[in-house]
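**Q** The lines below spell out each chain.
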Amino acid sequence: MAVLEVKNLTKKFGKFTAVDNISFSLKEGEILGLLGPNGAGKTTTIQMLLGITTPNSGSIRYFDKDFSTNRQECLQIINYTSAFNTLQGRTTVWENLFVFANLYQIDNSKEKIKNLAEYFEIKNLLNSQYKHLSSGEKTRVNFIKALLNDPKIILMDEPTASLDPDIADKTLSLIEQIKQDNKISILYTSHNMNEIDRICDRVIFLSQGKIVAEDTPLNLTKKIETTTLRLTFDKGKKIIEKYLIANKQEFEFNKDNIVIIKTKEKLVPKIIFGISSEGIWMTDIEIQKPTLEDVFLQISRSK
Amino acid sequence: MSWKRIKAIMMHEFFITKRSLEVINDIIIFPLLSIIIFGFLTNYLSGTTGLIISKQVLIGMILWQVINMTEYSIAVGCLWDVWARNLTNIFISPISNLEYLIAYTITGCIKSFIVLLLGGIISFYFFGTNLLDLGLINLTIYFINLAFFGFGFAIVILGLIFRFGTNVQALSWGLIAVLQPLMAVIYPVSILPKPLQMMAYLLPPTYVFEAARVNVIDKGIQWQLILMAFFLNFIFIFLAITFFNFMFNQSKKTGQFARLEG
Chain A
0 MAVLEVKNLT KKFGKFTAVD NISFSLKEGE ILGLLGPNGA GKTTTIQMLL
50 GITTPNSGSI RYFDKDFSTN RQECLQIINY TSAFNTLQGR TTVWENLFVF
100 ANLYQIDNSK EKIKNLAEYF EIKNLLNSQY KHLSSGEKTR VNFIKALLND
150 PKIILMDEPT ASLDPDIADK TLSLIEQIKQ DNKISILYTS HNMNEIDRIC
200 DRVIFLSQGK IVAEDTPLNL TKKIETTTLR LTFDKGKKII EKYLIANKQE
250 FEFNKDNIVI IKTKEKLVPK IIFGISSEGI WMTDIEIQKP TLEDVFLQIS
300 RSK
Chain B
0 MSWKRIKAIM MHEFFITKRS LEVINDIIIF PLLSIIIFGF LTNYLSGTTG
50 LIISKQVLIG MILWQVINMT EYSIAVGCLW DVWARNLTNI FISPISNLEY
100 LIAYTITGCI KSFIVLLLGG IISFYFFGTN LLDLGLINLT IYFINLAFFG
150 FGFAIVILGL IFRFGTNVQA LSWGLIAVLQ PLMAVIYPVS ILPKPLQMMA
200 YLLPPTYVFE AARVNVIDKG IQWQLILMAF FLNFIFIFLA ITFFNFMFNQ
250 SKKTGQFARL EG
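In order, the protein sequence lines correspond to chains A and B.
Here numbering that gives the first Met the number 0 is used: the first residue of the first sequence is 0, the next is one more, and so on.
Here numbering that gives the first Met the number 0 is used: the first residue of the second sequence is 0, the next is one more, and so on.
Only pairs whose alpha carbons sit at most 30 Å apart, straight line, appear in this in silico DSS-like list of lysine-lysine:
| hint | chain 1 | residue 1 | chain 2 | residue 2 |
| --- | --- | --- | --- | --- |
| 1 | B | Lys17 | A | Lys113 |
| 2 | B | Lys6 | A | Lys109 |
| 3 | B | Lys3 | A | Lys182 |
| 4 | A | Lys241 | A | Lys288 |
Facing chain B, according to a computed beta carbon distance under 8 Å, are these residues of chain A, among others:
| hint | residue |
| --- | --- |
| 5 | Gly50 |
| 6 | Ile51 |
| 7 | Gln71 |
| 8 | Leu74 |
| 9 | Gln75 |
| 10 | Gly88 |
| 11 | Val98 |
| 12 | Asn101 |
| 13 | Leu102 |
| 14 | Tyr103 |
| 15 | Lys144 |
For the record, the hints were derived by calculation from the structure and aren't laboratory data.
For clarity, every value in this text was computed on a predicted model and none was experimentally measured.
C-beta atoms are modelled at their ideal positions from N, C-alpha and C, and glycine is treated no differently.
This is chain A alone, in the form it adopts within the complex:
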């Protein structure tokens, strides 16, 4: 069942088309990645899904209800977190969360805040001013705010941006845990391909406001046929060069004893066997399969 249905959504700023007639859906319990280079239209899409930017045309439906005519009802069941928005820095964490709990008309808000603070291990920070928290702590508090109303859908706009790798990893674990514990659907944007690969069930690639690819991370990487083969050898550079030219392979020598070959995945065993048959002693073989980053780069550079 689709909890979010976007149809023919378009946003123009003057003559510039930021989002160009995109349609997609988000399924119950799914994490959908929204990827694309800067200016691809990801943030504008999120802004329209939150109702803070008005689309020129198209429709947004949450749980089959039209967002434009059921704004309050829809906003009650969704929430949002981003590295680019913060809470009020002057007030304490508890004060911030208490205000949002009331904005979402949460019953028993004090209990709810206490439970979420325990879940996210920030109970000791409730009386600290938000501005004094570290980036990681702020991210956790933002997640609590995003979970206060027991949302069915959370929109996350680069939630791990500006976090160090350790905190980013913990944040991703939290997202995985949130999804598992609460069966929430998540629309997730990030520039970090490893993150997307790790947590997203499905990915949409946006480029110049259009959807240019849509699939699971695995299927998207399968669309790239080229595999990188990195061979380290003792000696015989000339022999290898001759063999690769004869077999019409794309290659370059990284050092005198390292060759990098870009080839089709199915040809990898043949090349290794062939070079070995020429009497070359290989000390290391590394096969790099295409990653989501390769897909991203291919799409970004093909515009």
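With the hints as your guide, set chain B onto chain A.
**A** For chain B alone, kept in the frame of chain A given last:
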């Protein structure tokens, strides 16, 4: 409409105010300082121009704080969330524009009332001018009219900020002062040059200040002036709300609202 959401924004405003020295400074210290300075001035004037005029000046200055405080509270209250990059979080909650504005209007009125109360106490004990001499009903009518105008003016400013961004944020605390001379706060409208008098009579507070000056001598309700103030205020607020809604929608169309915090 949800009272719980209105209460949430009021609490939010209270939490910010109690932790912000500059807000306390702006809503308590500066207004009271103005009243004290004008108190001394009126003490001085009472020796040369008479007690009535000096009382009119001081009462005008105290009542002026109602417009100032309501306007400041609504416009700058919103800016605190823009500066903290928290406005999006608030506006993606189910709160409506009306609930948001009502919350800030109530907090603005509370702040104005506190300033009026403190100003009244200072003027009574230190400068011998009793605000209650205007009459409690008159005072209430003046307060409502001035707060109405402050509210209307603030949402015009908010509309401009939403539409054009924080480049115009200085209007929140600056523009109202430009209108002060026209409203004839501490002097009669008749002092102004004729063209300015015509402009002055387009502003609802002008009638309130005129009525208050009469009240210093005559305790009766100045119906003609008061009804005119209410009439103009209703027109002004209707136009202000229409303008705000238009600017707010334009801001969302142009993407400016989402860029406010950038």
